[in-house]
Amino acid sequence: MARDGDAAHAALVAFRAACHEAAARTPGVTFYELTEAAGPTAYHSAAMSERRLRHRVVCRPRGGLVAFAAPPPFPGSARLHFREPPRWAEAFTLKGLRVLDAGTLAKPLSAVDLGALEGVDEADRAAARRWRPGTLGELLFNWWERPGSQAARAGRQGR
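Using our numbering, read the sequence shown as starting at 3 and increasing by one per residue.
No lab work stands behind these hints: they were computed from the structure. Bear in mind that the values here come from a model prediction, so they are computed numbers and not experimental data. Keep in mind that the hints are not guaranteed to be accurate.
[To be verified] If you anchor each label on the Cβ, the simulated ranges turn out as follows: (1) R100 to R27: 18 to 26 Å; (2) T106 to D8: 22 to 30 Å; (3) A128 to R89: 32 to 40 Å; (4) A108 to A128: 34 to 42 Å; (5) D8 to R53: 34 to 42 Å; (6) T43 to A9: 12 to 20 Å; (7) D8 to T95: 20 to 28 Å; (8) R27 to A104: 19 to 27 Å; (9) A125 to R89: 18 to 26 Å.
Here a beta-carbon is modelled for each residue, glycine too, at the ideal position from N, C-alpha and C.
With the sequences and hints as input, model every part of the structure.
As structure tokens, then:
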């Protein structure tokens, strides 16, 4: 279990460093804030912009997977509308993270071999059976409670 926690912490450190690196090395790119994964949200989120185009950059702690999305339609929204990575996404790859493109994230879950994807475990497969996400992006960057998590156990105790 400690190894999962260490890997998740390493992904957060790499994600934060990549956000700063992208802003420092790319003219017009600004890094505003980083929100760590907490509660039912399964990903870290960074607010960044490139001139007039705003980005929500998300990082799945397990597996170090990164995706780019449009900013939320309203504050607190967990809905992600994935977009293609910008030219400065290389900063994330250089920090050891894996950047996913919008086409990969839009793949129907039925067309994806979950066993071959790093960072996807049995708890994710159980969550997919329960919540029935339609796409790979919805599975990887979700906002539901993972089976076996403290929040999920607390919810079952209250029933």
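These are the hints, each one checked on the structure:
In this structure the hint that R100 and R27 lie 18 to 26 Å apart at CB holds, the actual value being about 20 Å. For T106 and D8, the hinted distance range of 22 to 30 Å is satisfied, since their beta carbons lie about 27 Å from each other. At roughly 38 Å, the beta-carbon separation of A128 and R89 lies within the given 32 to 40 Å, and the hint holds. Checked against the given bound of 34 to 42 Å, the beta carbons of A108 and A128, roughly 23 Å apart, lie outside it.
D8 and R53 have their C-beta atoms about 37 Å apart, which keeps the hinted 34 to 42 Å range intact. Against the hinted window of 12 to 20 Å, the Cβ-Cβ separation of T43 and A9 comes to about 18 Å, which satisfies the hint. Here the CB-CB span from D8 to T95 is close to 21 Å, well matched to the stated 20 to 28 Å. Distance hint for R27 and A104: a CB-CB separation of about 23 Å, consistent with the stated range 19 to 27 Å.
For the hinted restraint 18 to 26 Å between A125 and R89, the CB-CB distance of approximately 35 Å leaves it violated.
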